[in-house]
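Respectively, the protein sequence lines represent chains H and E. Counted the way the numbering used here counts, the first sequence spans residues 1 to 156. Counted the way the numbering used here counts, the second sequence spans residues 1001 to 1291.
If a hint is listed, it holds; no wrong ones were tucked in.
Each computed DSS-like pair below joins lysine-lysine, with the alpha-carbon atoms no more than 30 Å apart:
{"id": "1", "chain 1": "H", "residue 1": "Lys126", "chain 2": "E", "residue 2": "Lys1280"}
{"id": "2", "chain 1": "E", "residue 1": "Lys1245", "chain 2": "H", "residue 2": "Lys99"}
{"id": "3", "chain 1": "E", "residue 1": "Lys1196", "chain 2": "H", "residue 2": "Lys126"}
{"id": "4", "chain 1": "E", "residue 1": "Lys1121", "chain 2": "H", "residue 2": "Lys156"}
{"id": "5", "chain 1": "H", "residue 1": "Lys126", "chain 2": "E", "residue 2": "Lys1256"}
Bear in mind the hints are in silico, worked out from the structure with no lab data behind them. Just so we're clear, the structure is a prediction, and the values are computed from it rather than from any experiment.
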Amino acid sequence: MKKIYYIGIVAIAALVGFTTIQTQDNCDKKAITTACKKKMEPFKYDSQKFTKINFTKKAQQLEVEVPVFIGEKYRIVFNTSGLPKPVSINIYTKDKEAKKREAIFTNKEVKAGETILVFDAPRARKMYIDYDVPADSTASPTQKLSGCVAFMVGYK
Amino acid sequence: MLLNRKSLALKGTMLIATSMLFVACGSETPKEESTEVVAVDSTVVEEEVETTSYSLPSPLQIASIFKKSGLKYKDGITSSQKDAAKYTTNLAKALNLGVYSADLSYTVLNKQNQEAMNCMKLCRQLADNLGMGSVFDQGNLSARFEKNLGNEDSLAYIIAELQMVTDMYLDENNQQQITSIVFAGAWVESLYIGSKVYEKSKGKDLNSKLSEQMTILGSIISALKAEEKKDANITGLIADMESIKAIYDSLDSVKKYNEAANEDADVTLSDEEVTKLTTKIEEVRTKIING
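Could you build all of it, start to finish, from the sequences and the hints given here?
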């Protein structure tokens, strides 16, 4: 009887531990926000968007629509420190359904390990921020990599 | 012997339990590498990922754009409802938090200290009623606001900071739908203020800024639709926003602009068209303010 009692305690402890591990998130939103804010000066904070990314066996394209106003000056600060592996970031003025579009920003040239990216936007009506998430061949039905990417928008 | 065995079993249990909790709690310390491996229950069907999401601007930016276009202060056009307790549903609370936020930005940028203070109090009251009043206490925002009354730049900076902590709070609590609803309320109020001031001033810049605001209406509607699954109560709000868009799209100047397909050009509405649009905005705004 006592044995069952102890096994029960161990099982509960294991469950609590496992659940916490399962839901842990390395996306430290406060730290990410603080780092973005530092690079925002002299622009004024306008908005911020966190995107949760799960690396799966299939490549994904996630898009965030950002409406902006002609004649205003904008800065976008990305923070990729919450990502376990690189994601391609591109900004367009047309959405992903458009037949022809050219990126006005890309992180292709960014040095490895650089996690804060600053972009001062040109005149536009809308911006579409695309995250091209590569396929992860190691992803399995029981385990997959996960993280987050964020950007902050500021205006002058 | 029995006692020793019991003691050993208990120690073992405690050791395992402590180890488990230690491993779990250990994840809270900062890591050099942000690798997170998520264990997935293979019996659970994978959640469908939304591939398009939206990042809407702040009410302060809208007020700032209008201010630059020559929007002056007009007495008595901010919300006449000064009793935040009147709003009982979460939808009404969030929408009117947006209305008061727009009024707050308008009064701050026009140095209307007493009214700005009243708007701040109403925002706080509604935020409290939505369970997110704590954001006003972060970094002493409320106290700093009061202390800096009269200093437009400092107040605008404090409002931007308030927006930042609110955005983070809603994101951390998975309540992004509130962000879209609050902004919808703020946008309607900003357009109402802009159009009311335009009635008197007839400023050309203000006219084009009113039309420009309509370009983000599609994004607001899409953002609300994306959150409709979480909160079915916003269906009526979406219909109201779509009714504003329908009026705007039916205007001759807008049709001509759309045919020309020149994104860089500005749309200038005739006075008659502004009146038509204003009437619709006023109708939706009255509905929001009446809760």
